[in-house]
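In order, the protein sequences belong to chains A and S. At the far end of the first sequence sits residue 474, using this note's numbering, and the numbering has no gaps. At the far end of the second sequence sits residue 636, using this note's numbering, and the numbering has no gaps.
Because the hints were derived from the structure by calculation, they are not lab data. Accuracy of the hints is not assured; some may be wrong.
Claimed, not checked - Covered stretches of chain S, as calculated for chain A (at least 3 residues, CB under 8 Å): (1) 264-273; (2) 500-514.
To be verified - Listed below are the simulated DSSO-like cross-link pairs for lysine-lysine, each with C-alpha atoms no more than 27 Å apart in a straight line: (3) A/K75 - S/K470; (4) S/K470 - S/K439; (5) S/K214 - S/K427; (6) S/K470 - S/K427; (7) S/K501 - S/K511; (8) S/K550 - A/K75; (9) S/K238 - S/K427; (10) S/K550 - A/K134.
Even for Gly, the Cβ is constructed at its ideal location relative to N, Cα and C.
For reference, the chains in residue letters:
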Amino acid sequence: MDKARAPGVRAGRLSGEEIARNFTDLHPPLDAHEALVEADRCYFCYDAPCVKACPTEIDIPLFIRQIQTADVVGAGETILQQNIMGGACARVCPTETLCEEACVRNLAEDKPVAIGLLQRHATDRLMEEDRQVFERAAPTGRRIAVVGAGPAGLACAHRLAVHGHEVTVFEARPKSGGLNEYGIAAYKLPDNFAQREVEYILEIGGIEVRHGQRLGHEITLEQLRKDYDGVFLGMGLGSTNSLGVAGESLEGVHDAVDTIAELRQSPDLTGFPIGRRVVVIGGGMTAIDIAVQARRLGADEVTLVYRRGREQMKASRYEQELAQTNGVRIVTWAVPTEVLGDGGRATAVRFDHVVAEDGRLVSTGESFEVAADQVFKAIGQTFVAAGLGEAGLKLDGGRIAVGAGRCTSLPDVWAGGDCIAGGQDLTVAAVEDGKQAAESIHRTLGAAAAA
Amino acid sequence: MVDIRNDFLGIKSPNPFWLASAPPTDRIVNVTRAFKAGWGGVVWKTLGEDPPIVNVNGPRYGAIHGADRRLIGFNNIELISDRTLQENLREIKQVKRDWPDRAVVVSLMVPCEEASWKAVLPLVEETGADGIELNFGCPHGMSERGMGSAVGQVPEYVEMVARWCKQNTRMPVIVKLTPNITDVRFAARAAKRGGADAVSLINTVNSIMGVDLDAMAPSPHTDGKGTHGGYCGPAVKPIALHMVADIARDPETAGLPISAIGGITTWKDAAEFMALGAGNVQVCTAAMTYGFKIVEEMKAGLAHWMESKGYERLEDFIGKAVPNVTDWQFLNLNYVAKARIDQDLCIKCGRCHIVCEDTSHQAITATKNGERWFEVQDDECVGCNLCVSVCPVENCITMEQLTEGVDPRTGRPIDPTYANWTTHPNNPMSKAAE
Numbered sequence: 024m025d026k027a028r029a030p031g032v033r034a035g036r037l038s039g040e041e042i043a044r045n046f047t048d049l050h051p052p053l054d055a056h057e058a059l060v061e062a063d064r065c066y067f068c069y070d071a072p073c074v075k076a077c078p079t080e081i082d083i084p085l086f087i088r089q090i091q092t093a094d095v096v097g098a099g100e101t102i103l104q105q106n107i108m109g110g111a112c113a114r115v116c117p118t119e120t121l122c123e124e125a126c127v128r129n130l131a132e133d134k135p136v137a138i139g140l141l142q143r144h145a146t147d148r149l150m151e152e153d154r155q156v157f158e159r160a161a162p163t164g165r166r167i168a169v170v171g172a173g174p175a176g177l178a179c180a181h182r183l184a185v186h187g188h189e190v191t192v193f194e195a196r197p198k199s200g201g202l203n204e205y206g207i208a209a210y211k212l213p214d215n216f217a218q219r220e221v222e223y224i225l226e227i228g229g230i231e232v233r234h235g236q237r238l239g240h241e242i243t244l245e246q247l248r249k250d251y252d253g254v255f256l257g258m259g260l261g262s263t264n265s266l267g268v269a270g271e272s273l274e275g276v277h278d279a280v281d282t283i284a285e286l287r288q289s290p291d292l293t294g295f296p297i298g299r300r301v302v303v304i305g306g307g308m309t310a311i312d313i314a315v316q317a318r319r320l321g322a323d324e325v326t327l328v329y330r331r332g333r334e335q336m337k338a339s340r341y342e343q344e345l346a347q348t349n350g351v352r353i354v355t356w357a358v359p360t361e362v363l364g365d366g367g368r369a370t371a372v373r374f375d376h377v378v379a380e381d382g383r384l385v386s387t388g389e390s391f392e393v394a395a396d397q398v399f400k401a402i403g404q405t406f407v408a409a410g411l412g413e414a415g416l417k418l419d420g421g422r423i424a425v426g427a428g429r430c431t432s433l434p435d436v437w438a439g440g441d442c443i444a445g446g447q448d449l450t451v452a453a454v455e456d457g458k459q460a461a462e463s464i465h466r467t468l469g470a471a472a473a474a
Numbered sequence: 203m204v205d206i207r208n209d210f211l212g213i214k215s216p217n218p219f220w221l222a223s224a225p226p227t228d229r230i231v232n233v234t235r236a237f238k239a240g241w242g243g244v245v246w247k248t249l250g251e252d253p254p255i256v257n258v259n260g261p262r263y264g265a266i267h268g269a270d271r272r273l274i275g276f277n278n279i280e281l282i283s284d285r286t287l288q289e290n291l292r293e294i295k296q297v298k299r300d301w302p303d304r305a306v307v308v309s310l311m312v313p314c315e316e317a318s319w320k321a322v323l324p325l326v327e328e329t330g331a332d333g334i335e336l337n338f339g340c341p342h343g344m345s346e347r348g349m350g351s352a353v354g355q356v357p358e359y360v361e362m363v364a365r366w367c368k369q370n371t372r373m374p375v376i377v378k379l380t381p382n383i384t385d386v387r388f389a390a391r392a393a394k395r396g397g398a399d400a401v402s403l404i405n406t407v408n409s410i411m412g413v414d415l416d417a418m419a420p421s422p423h424t425d426g427k428g429t430h431g432g433y434c435g436p437a438v439k440p441i442a443l444h445m446v447a448d449i450a451r452d453p454e455t456a457g458l459p460i461s462a463i464g465g466i467t468t469w470k471d472a473a474e475f476m477a478l479g480a481g482n483v484q485v486c487t488a489a490m491t492y493g494f495k496i497v498e499e500m501k502a503g504l505a506h507w508m509e510s511k512g513y514e515r516l517e518d519f520i521g522k523a524v525p526n527v528t529d530w531q532f533l534n535l536n537y538v539a540k541a542r543i544d545q546d547l548c549i550k551c552g553r554c555h556i557v558c559e560d561t562s563h564q565a566i567t568a569t570k571n572g573e574r575w576f577e578v579q580d581d582e583c584v585g586c587n588l589c590v591s592v593c594p595v596e597n598c599i600t601m602e603q604l605t606e607g608v609d610p611r612t613g614r615p616i617d618p619t620y621a622n623w624t625t626h627p628n629n630p631m632s633k634a635a636e
C-alpha cells in the first residue's frame, strides 16, 4: 500500500528528502544581490508608516538604506538596538499585518518592500560575525528576577543586563526561547535558530538562566520579591482551552500546542507520527501551524474548521493562503458537537453548521462529519493565575493588568508578553514589553537609589 | 506614411541611427553585424598613423550601476585603433562595397601637422567612404601626445586642422567636439570658420569612475594605478543636450549641421537631440550594453512617435525645440506655478514634505486631523519643482500655472503680461554686470 495513504497515525509517510524539503526555510534568505535590489525599492519615507506599525519601532527605512549602501552590519545594529530578537522576528512576524501592511508600496502596486527578508539579511550577517550591538554598563549591584525565558523575559533580561544589573531568569522548560523554541512552526525557524539567538542574547553577560523553575512550584512570587530588587513576569499562557464536547478524551485528540512542541523538539521528523486524516479546530496561527505541518509530514487530508468566517480568523490572510497552498481545506461557520470514536480512538468529528445571529452563533440544524485519525485543538490558550500566589496582583480579563512601563499593581513587579492583559500573542510585542519593562525597572531602581 | 530616411551632409542612410566611432566600429566583423542588425551608418573607429598604438592589457572600461546593475554611466581608456592603417582601410573599402546604402564615415586622429593630414586623407578617400570625422575629443591617452581633446580644447587648432582637411579632400568633414571645455561654442565656431561641414558632439567627459577603497586606487585600475577616462552613457545625456542646443541656437553656428552623441539609449533620446537641432544621432554605450538589436526599438519607436505627432519626415521635427531654449534672463518672471498633489495617486511616502521642509520652503503639510496628508501650501510654495522631482509616483505631483487672482505667497496679483529679468520692475539688477 502507498505509504502516504496508509491508514491510522504513523510515521514515515514521506521520505527523508521530502521531510527535509518540507521543513527547511519557508522563505529562503535573500542573497546579497537580491537584498540590494529589494532594498532599492524602499522609498525612505518620512515618518515612515512601517516604523509605526512595528511594535518595537525598528527604524526600517534607515536599516534598509544601510543595506543599500553596503553597511549590512550597520543595518543589523539599527535593528537590534530596538529589538534584540530582530532575527526571530524577521522570520516569525506576520509582517503582512505589521510593517509590510503599512508599506506605502501597497498603495502604488500592492507589493510591499520585503522588510522581513531584508531584516533577516541584516541580522543574519550580524550574528554570523558574532557582533554585539550593546556594551554592558558598569555593574550596579542590583538584582532582578525574570520569570520565563521566552521573548518577553529574554528581552527584559537583556536590556537590564545592558544597564548593568544582575539578572536571574527562571524557566520552567528545559530550554530557553519560549514559543520560539516550542511553539512556532518548524519551517519558520529551522536550523536551531531559536537556540542560536538565545546564545547571542546571553553573550551580553550578567544573565543567569535556571531551568526547571515553575512559578508556584519551585519558585514563588513572594520569595522572588523578597530576594530580588525587582521581578518581571513573562511566563506566557499556561493552559489550552477545551472543546467541551463528548469524545474529547479519545485517543488521537491533542492540544495543538503540545504536538507542535513535540514536533519542534523531535530530532528526526521522519519518525514523527501523523494521521492520514487530520482535523484541526481553530482559526489562529497555532491552527495554521499545526495544519500546515501535518500536511508537510505527509497527512493525506487536513481539514481546518473554524466556527466563524475567514474575515474573523486570527490567522492573517497570508497564513490562510499558506495553509491552502499546502493543501489544507478550510471550512468555516461550523462548530464541533462531538468527537466520534471506535475502540477508544477518534475516528471523526461531527460539526454543526452555524450562522451568526446578533453576534451569537446559532446552529442551522444541519450537521456533517469529517473523518479523522487525529484531532488537533487550537482554540486558544488561557493564563493560569494560580502560580501567582496570594500576592494580590491585579488581573484584567484573566491576565495580569499592566500600566505604563508594563508595571503591575505591585510596585516591584513588572509583566509582559502573552500573560498580560492586551497581550497580542506576538513575539515582537513580547520583545517590546520586555524592553519597556526593563527601562521602567531601570528608571525605578535609579530613582530609588537617588532618594 | 512615416519616412525615417536620413540625409546628413548629402550622406544618405536608411535611418538616423549611426554607431559612433568606438569599439563597436573597430573592424569589419563588428560593422557587418551592425549593418545586418539594421544600423543606418557607422563612424569607423578612429584611424591613426602607423605604427598603431598599443592598448593596455588590463581593464579598459568602468561602469556606474543602479541597484539592479542597470548601467547608468560608462567610461573607457581605450585608445584609437590598434591595427594598421592598411588593415583598416582595406576593411572600410570592403564594407562600403558590401553595404552601399549605409553611411560609412571614417574617424581620424593624426598629429597636428598639415603633412600628416595631407597624407592620410587620400588614403581614406580611396576607400569610397562617405566622409570623415576629426577626432578632437578623446580625453585620455592620445591627448597626452597632443592629439584628441588637446586639439579640441584650443579653438585655433580646431579651425586650422578643419581647414587643412577641407583643402585636401572632397569628402564632407565633421569635427567631433570635446565637452572638456568651458564653452563649447568657441570650438564649434572655430570648426565652422575652418570650413567644417558639420560638428558632432559630445565626445566623452573626463572622469574617474570611483575609488577602490581596499586598493586605494581609482577603479578600475591597472597594476594598482588608474587614470582618468572618458565618461559616457545615459548619465551624460543632459550635458550633451545642453551643448547641442548651445550650438544650434548660437547666431554664429546656427544652421551648422550637428550629429548628436551622448548617452542616446532609446528612440526618445534620439528624438530629443533631433528636436534640439541634431540632424542625426550616434550611439555607442547603449550598443555596448545591450548589443546591436536595440536599433530595432529605436527605429520602430521613432517612427511610431512621429506618426502619432503627424511628422512625415525627420526634417519635420528637427530643430523644433531650439526656439524654446533661451537664456535665464528671458524667462517670464510673471509666470507663477504651484505644485499640486493628486491625493488619489499619493501613496503618502512623505518625501515631498520632508525635502521641502528640510531643504526648501516648508510648503507641504505632513498631517491633517492627525492623519498623514501631504498638501501644498500656496502661500509658501515657490513652484521650485523639487517635490515633483523626488515623488516616486509619476504624475502624482504636477506644476500648475496660476492664471488669475493673487499669488498667496507674494500677495501680488497675477500679471498676465510677459516680463523678464531685463524688464521686470522688481529686479534691481535688470542690467547684467558684464
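Checked hints:
no.	hint	verdict
1	264-273	holds (count 4)
2	500-514	violated (count 0)
3	A/K75 - S/K470	violated (42 Å)
4	S/K470 - S/K439	holds (12 Å)
5	S/K214 - S/K427	violated (44 Å)
6	S/K470 - S/K427	violated (38 Å)
7	S/K501 - S/K511	holds (16 Å)
8	S/K550 - A/K75	holds (14 Å)
9	S/K238 - S/K427	violated (40 Å)
10	S/K550 - A/K134	holds (15 Å)
Of the numbered hints listed earlier, those contradicted by the structure are 2, 3, 5, 6 and 9.
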